[in-house]
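**Q** Sequence:
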Amino acid sequence: MTHRVLIVDDDLHIREVIRVALKKAGMTIFEARDGKEALTRFAGDRPDLIILDIGMPEFDGLEVCREIRKSSDVPILFLSARDDEIDRVLGLEIGGDDYVTKPFSPRELVARVNVILRRINSRGLDTRPSAAALSQGGLSVDAEQHIAEFAGTPLRLTAIEFGILRAFLTRPTLVFTREQIMNAAYQLNIQVSDRTIDSHIRNIRAKLSAANCDNVIETIHGVGFKLGRCEPQA
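In the numbering used here, each residue carries its 1-based index in the sequence shown increased by 2.
Derived by calculation from the structure, the hints in this document are not laboratory data. Built from N, CA and C at the ideal position, the CB exists for glycine as well. Some clues are possibly wrong.
Unchecked claim - Listed next, the in silico SDA-like pairs over lysine to any residue satisfying Cα-Cα at most 20 Å (straight line):
(1) K25 to L119
(2) K72 to D36
(3) K25 to K38
(4) K209 to S73
(5) K228 to R207
(6) K26 to D36
(7) K104 to S73
(8) K25 to A113
To be verified - Cβ-Cβ distance ranges computed for the label pairs, FRET-style:
(9) D47 to P108: 43 to 49 Å
(10) D216 to R48: 31 to 37 Å
(11) Q138 to R204: 39 to 45 Å
(12) A113 to R71: 36 to 42 Å
(13) N217 to E69: 30 to 36 Å
(14) K38 to H223: 26 to 32 Å
(15) K38 to K228: 41 to 47 Å
(16) A208 to G154: 17 to 23 Å
(17) D13 to N214: 15 to 21 Å
(18) D144 to K228: 18 to 24 Å
Hey, can you work out the whole structure from these sequences and the hints?
**A** Here it is in structure tokens:
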């Protein structure tokens with residue numbers, strides 16, 4: 003299967019570097035020079051993943067992400083010229099799947115793209131029958147169909163959020179460290195900060211809370227996180 007990737011950046015050189023790297027990896031590439039063109043290309047080309055620069059003039063990447071998230075859960079990998087934790091956390095909180103700081107290694111970028119796409123397609127996961135469909139309380143996850151629900155309500159999770167939730171359901175009694183969560187969600191040897199993991203956990207909690215579940219992930223202070231009761235609130 004050839005994946006379709008939309009590259010959004012106002013810098014022609016950056017787009018060219020990414021385009022060459024992803025084409026070598028066998029992907030079909032579309033490009034946009036600004037936020038407004040990105041939304042037009044997204045609607046017309048229906049990419050499998052978007053690489054989205056944050057620091058574009060007028061209509062920046064965060065605004066584009068907010069607009070796309072109104073109707074789609076397409077994976078979004080943010081690019082930024084600043085290694086600013088505020089931008090990074092905000093990007094993840096509004097629905098980004100990953101974040102890469104410029105200048106970047108094209109090889110690392112391709113690796114991160116592949117991790118997200120693999121997660122979306124349920125490839126590279128434990129596909130044993132016992133692990134394909136998982137549930138606890140009102141929460142259920144089907145890795146083969148990439149479906150997550152709580153008490154019959156579909157959950158709109160990003161690829162990384164889905165991977166984290168599936169990991170918890172695979173080992174429902176285990177207290178996960180942040181490193182274990184990172185390994186379960188990202189699979190390859192890619193390092194992310196504790197704040198990044200915390201942002202993903204916060205997003206999962208918010209989406210479950212909106213579905214009337216406030217106890218899906220418990221914090222074990224000094225250690226990490228574990229799956230909660232996953233029961234609907236009275």
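**Q** Give a verdict on every hint.
**A** Here is what the structure says about each hint:
no., hint, in the structure
1, K25 to L119, "holds (15 Å)"
2, K72 to D36, "holds (19 Å)"
3, K25 to K38, "violated (24 Å)"
4, K209 to S73, "holds (15 Å)"
5, K228 to R207, "holds (12 Å)"
6, K26 to D36, "violated (24 Å)"
7, K104 to S73, "violated (28 Å)"
8, K25 to A113, "holds (13 Å)"
9, D47 to P108: 43 to 49 Å, "violated (22 Å)"
10, D216 to R48: 31 to 37 Å, "holds (35 Å)"
11, Q138 to R204: 39 to 45 Å, "violated (20 Å)"
12, A113 to R71: 36 to 42 Å, "violated (25 Å)"
13, N217 to E69: 30 to 36 Å, "holds (32 Å)"
14, K38 to H223: 26 to 32 Å, "violated (45 Å)"
15, K38 to K228: 41 to 47 Å, "holds (44 Å)"
16, A208 to G154: 17 to 23 Å, "holds (19 Å)"
17, D13 to N214: 15 to 21 Å, "violated (44 Å)"
18, D144 to K228: 18 to 24 Å, "holds (22 Å)"
Checked against the numbered hints above, the structure violates hints 3, 6, 7, 9, 11, 12, 14 and 17; every other hint is satisfied.
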